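Asker: Residues per chain are reported as follows:
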Amino acid sequence: MDKDQDKILDEVTTGEYKYGFHSDIESEQIQKGLSEDVVRIISAKKNEPDWLLEFRLKAYRHWLTMKMPAWPNLKIPVINYQDIIFYSAPKQKPKLNSLDEIDPELKRTFDKLGIPLEEQKHLAGVAVDAVMDSVSVKTTFREALAEMGIIFCSFSDAVHEYPDLVKRYMGTVVPYTDNFFASLNSAVFSDGSFCYIPKGVRCPMELSTYFRINAANTGQFERTLLVADEESYVSYLEGCTAPSRDENQLHAAIVEIIAEKNSEVKYSTVQNWYPGDKDGKGGIFNFVTKRGMCRGENSKISWTQIETGSAITWKYPSCILRGDNSTGEFYSVAVTNNHQQADTGTKMIHIGKNTKSTIVSKGISAGKGQNSYRGLVKILKNASNARNFSQCDSLLLGDKCGAHTFPYLEVDNQTAIVEHEATTSKIGEDQIFYCNQRGISTEDAIGMIVNGYAREVINKLPMEFAVEAQKLLQISLEGSVG
Amino acid sequence: MLKIKKKIIVRIIIMLDINNLKVSIAGKSILKGVSLHVKPGEIHAIMGPNGSGKSTLASVLTGREFAEVTEGTVTYMGNNLLEMSPEDRAKEGIFLGFQYPIEIPGVSMVNFMKTAVNEKRKHHGLDPLSASDFLKMMREKKELVEIDSKLANRSVNEGFSGGEKKKNEIFQMAMLEPKLAILDETDSGLDIDALRIVANGVNKLKKADNSFIVITHYQRLLDHIIPDVVHVLYDGRIVKTAGKELALELEAKGYDWIKKEVENNVIA
Numbered sequence: 001m002d003k004d005q006d007k008i009l010d011e012v013t014t015g016e017y018k019y020g021f022h023s024d025i026e027s028e029q030i031q032k033g034l035s036e037d038v039v040r041i042i043s044a045k046k047n048e049p050d051w052l053l054e055f056r057l058k059a060y061r062h063w064l065t066m067k068m069p070a071w072p073n074l075k076i077p078v079i080n081y082q083d084i085i086f087y088s089a090p091k092q093k094p095k096l097n098s099l100d101e102i103d104p105e106l107k108r109t110f111d112k113l114g115i116p117l118e119e120q121k122h123l124a125g126v127a128v129d130a131v132m133d134s135v136s137v138k139t140t141f142r143e144a145l146a147e148m149g150i151i152f153c154s155f156s157d158a159v160h161e162y163p164d165l166v167k168r169y170m171g172t173v174v175p176y177t178d179n180f181f182a183s184l185n186s187a188v189f190s191d192g193s194f195c196y197i198p199k200g201v202r203c204p205m206e207l208s209t210y211f212r213i214n215a216a217n218t219g220q221f222e223r224t225l226l227v228a229d230e231e232s233y234v235s236y237l238e239g240c241t242a243p244s245r246d247e248n249q250l251h252a253a254i255v256e257i258i259a260e261k262n263s264e265v266k267y268s269t270v271q272n273w274y275p276g277d278k279d280g281k282g283g284i285f286n287f288v289t290k291r292g293m294c295r296g297e298n299s300k301i302s303w304t305q306i307e308t309g310s311a312i313t314w315k316y317p318s319c320i321l322r323g324d325n326s327t328g329e330f331y332s333v334a335v336t337n338n339h340q341q342a343d344t345g346t347k348m349i350h351i352g353k354n355t356k357s358t359i360v361s362k363g364i365s366a367g368k369g370q371n372s373y374r375g376l377v378k379i380l381k382n383a384s385n386a387r388n389f390s391q392c393d394s395l396l397l398g399d400k401c402g403a404h405t406f407p408y409l410e411v412d413n414q415t416a417i418v419e420h421e422a423t424t425s426k427i428g429e430d431q432i433f434y435c436n437q438r439g440i441s442t443e444d445a446i447g448m449i450v451n452g453y454a455r456e457v458i459n460k461l462p463m464e465f466a467v468e469a470q471k472l473l474q475i476s477l478e479g480s481v482g
Numbered sequence: 001m002l003k004i005k006k007k008i009i010v011r012i013i014i015m016l017d018i019n020n021l022k023v024s025i026a027g028k029s030i031l032k033g034v035s036l037h038v039k040p041g042e043i044h045a046i047m048g049p050n051g052s053g054k055s056t057l058a059s060v061l062t063g064r065e066f067a068e069v070t071e072g073t074v075t076y077m078g079n080n081l082l083e084m085s086p087e088d089r090a091k092e093g094i095f096l097g098f099q100y101p102i103e104i105p106g107v108s109m110v111n112f113m114k115t116a117v118n119e120k121r122k123h124h125g126l127d128p129l130s131a132s133d134f135l136k137m138m139r140e141k142k143e144l145v146e147i148d149s150k151l152a153n154r155s156v157n158e159g160f161s162g163g164e165k166k167k168n169e170i171f172q173m174a175m176l177e178p179k180l181a182i183l184d185e186t187d188s189g190l191d192i193d194a195l196r197i198v199a200n201g202v203n204k205l206k207k208a209d210n211s212f213i214v215i216t217h218y219q220r221l222l223d224h225i226i227p228d229v230v231h232v233l234y235d236g237r238i239v240k241t242a243g244k245e246l247a248l249e250l251e252a253k254g255y256d257w258i259k260k261e262v263e264n265n266v267i268a
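Same order as they appear, the protein sequences are chains S and L. Going by the numbering used here, the residue at position 242 of the first sequence is 242; the numbering climbs one at a time, nothing skipped. Going by the numbering used here, the residue at position 27 of the second sequence is 27; the numbering climbs one at a time, nothing skipped.
Calculated directly from the structure, the hints in this document are not laboratory data. A quick note: this is a predicted structure, and the numbers were derived from the prediction, not measured. Take the hints with a grain of salt, since some may be wrong.
[What the hints assert, rightly or not] With a cut-off of at most 27 Å between alpha-carbon atoms, the simulated DSS-like pairs for lysine-lysine come out as follows:
1) Lys-199(S) with Lys-261(S)
2) Lys-150(L) with Lys-460(S)
3) Lys-165(L) with Lys-426(S)
4) Lys-471(S) with Lys-122(L)
5) Lys-165(L) with Lys-206(L)
6) Lys-426(S) with Lys-460(S)
7) Lys-260(L) with Lys-39(L)
[To be verified] Here are the in silico distance ranges between beta carbons for each label pair:
8) Lys-150(L) with Glu-456(S): 13 to 23 Å
9) Asn-19(L) with Phe-406(S): 54 to 64 Å
10) Asp-399(S) with Ser-85(L): 44 to 54 Å
11) Lys-260(L) with Glu-456(S): 34 to 44 Å
12) Asn-19(L) with Lys-281(S): 18 to 28 Å
13) Asp-399(S) with Ser-132(L): 55 to 65 Å
14) Leu-126(L) with Glu-28(S): 52 to 62 Å
15) Asp-399(S) with Gly-51(L): 24 to 34 Å
16) Ser-130(L) with Arg-168(S): 46 to 56 Å
17) Phe-406(S) with Glu-71(L): 48 to 58 Å
18) Val-69(L) with Asp-430(S): 14 to 24 Å
In this text, a Cβ means the ideal position worked out from N, Cα and C, and glycines have one as well.
Just need the whole structure built from these sequences, with the hints factored in.
Answerer: Structure below.
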């Protein structure tokens, strides 16, 4: 790990967003704007069964009755939903040799992002579902996983191949009426990943979805559904990047996790959407609903997120702890630099007895960034002996940024123990000078200090991604001090 | 022929050459014309009462921004020290043992030292040390300075006691093998055992070609580290320079007689 860290510090010399390129890939798009017809077109393009179209239409009609939430501590410009393209798919070249062949330009794009789509080239032990714009372009290791009964495929494939599973679980954790962006997603979602781990199976590799926005003026609305059946285990990771464009692009996703009895799900996110330029122009609006349900006894869901990208982030990966003795965890590092804004945190809803939750949130603000932690810990009446521990730390770099904490505690059971700790600190000039005096440059010193501050969270990531995350933290804060 | 030889000798015999250095902090004049010449292999002690400018001198030599040089020159190994960045000074062999070592939570000593050692190696055109070589070096230096090996597995200075922090400074000095080490009141707050460990560390690291500036309040450290020269800094000036016996005299008489002597001189 230390060796990797050194390498990172050496490698990183420029502070530019590395993934800002866009690829010339012919894509099939529908007209701008949103209407019932658009919802029908998306459904038709995907040859969906009627029940799914019905689901979409109900969601759309409900969405029309809703307003954008005004409570976040964010300044969000008016979004014109008639100005967004809701479906854009890379046009696949005619398939010549094998069914598996994908467009070389697509392959090059993902190679450039460090996500090779050929299985033999890929990091050992990681299966990837690659999603560009509105569709999944390739899922690796699908067959190998299928041998163990693990289903890992695009959401669209799941709808056709495993309709019963999708029907049984979709919308059970995040209903289509849940919130403004969840309803929007439920109406227009185009693809995403589906994963099912059968009873008693420990998934032998990391599963991951890589999301890439490429086309201009489009929104990305994907859905991930992850089901861990009894006694199973899976570690899942998502990464995301987008080209640097002057206009804002909307990303409104839904992630639903269901954990049955004695199962464990680790869900990690390294979010690096384009954050906009130094003056706050462009960047992704990342409005995401992520929620897990610990349905069975002794189940566990753990969220880890490294949020360095996006112009605006609005997301609260949450756990509903329904099963007795179930556990929810939330580990987060959120960085806001330049003009980025983030209002992020979690909800831990304790329903079952002896349920436990842990929240560790580390906010880092630099430039003119505004970083808010918003978290709800709710202990219901029957949740005897529920325990929660929350720790919310904020680190400030410079004097033009802001850090805010909004903790909500609702406790309806006398036996519950709820703890909340919060700290705010500044990177001291003393710390930087101390590093300087040992021969370490200011830029490297900041990277080191920030990574030290975030270490508790980064350590929760799978090894390969921890290295990536450290690198990202360093890059996204470059030029923010001195 | 002779001339050239002389030049070479001059370059080698002066490591640090401070001439008429005047420094202010936030507009207030702190150093009022300090001159100091340190040769390789020498240990200089700088003593003086509180507020005389000892720590400011350490700050200027290591490049802390708040200390503003208004006049004078500092030459280190033939180069203008004042033009060098703090990290370049460090990589060129200047080490400061901090009076109040800084905590960096979450950054392991191993990682911190490895970065520091390899930055210095890079600066001198050397390849980074392999992980095993580095760990071997850590082990050796830990033994040399008798530091508890657990300290190295913790975050930089986090939760260290005052004594542990000071010992950790000596350990870092051993790792970085500086040409010129400035120890800023390293003895303050140390019990007698820690003091001995710190002093032994310095004595073991002392070679013919490296130098120390030991800033201290008290004579007791100088029982263990024998200085070649003792200076008394008072009110921004070096008012007295002598051999190691000066430290004993100061211990016996306090600083008042120096103050009086200075005042008398001013009047005269």
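Asker: If a hint holds in the structure, say so; if it does not, say that too.
Answerer: Structure-based check of all given hints:
1. Lys-199(S) with Lys-261(S): 10 Å, holds
2. Lys-150(L) with Lys-460(S): Judged against 27 Å, a Cα distance of about 24 Å means the pair holds.
3. Lys-165(L) with Lys-426(S): Answer holds: Lys-165(L) to Lys-426(S) is near 22 Å, not above 27 Å.
4. Lys-471(S) with Lys-122(L): 20 Å, holds
5. Lys-165(L) with Lys-206(L): 21 Å, holds
6. Lys-426(S) with Lys-460(S): Distance ~24 Å between Lys-426(S) and Lys-460(S) Cα, so the pair holds.
7. Lys-260(L) with Lys-39(L): 31 Å, violated
8. Lys-150(L) with Glu-456(S): 13 to 23 Å: Between Lys-150(L) and Glu-456(S), where Cβ atoms are some 20 Å apart, the hint holds.
9. Asn-19(L) with Phe-406(S): 54 to 64 Å: With Cβ atoms ~58 Å apart, the hint holds.
10. Asp-399(S) with Ser-85(L): 44 to 54 Å: For Ser-85(L) against Asp-399(S), whose Cβ atoms are near 23 Å apart, the range 44 to 54 Å is violated.
11. Lys-260(L) with Glu-456(S): 34 to 44 Å: Violated - the Cβ-Cβ distance for Lys-260(L) and Glu-456(S), about 57 Å, lies outside 34 to 44 Å.
12. Asn-19(L) with Lys-281(S): 18 to 28 Å: 52 Å, violated
13. Asp-399(S) with Ser-132(L): 55 to 65 Å: 44 Å, violated
14. Leu-126(L) with Glu-28(S): 52 to 62 Å: 56 Å, holds
15. Asp-399(S) with Gly-51(L): 24 to 34 Å: Since Asp-399(S) and Gly-51(L) have Cβ atoms about 30 Å apart, the given range 24 to 34 Å holds.
16. Ser-130(L) with Arg-168(S): 46 to 56 Å: About 54 Å separates the Cβ atoms of Ser-130(L) and Arg-168(S), which means 46 to 56 Å holds.
17. Phe-406(S) with Glu-71(L): 48 to 58 Å: 54 Å, holds
18. Val-69(L) with Asp-430(S): 14 to 24 Å: Since Val-69(L) and Asp-430(S) have Cβ atoms about 21 Å apart, the given range 14 to 24 Å holds.
The structure fails to meet hints 7, 10, 11, 12, 13 from the earlier list, while all remaining hints are met.
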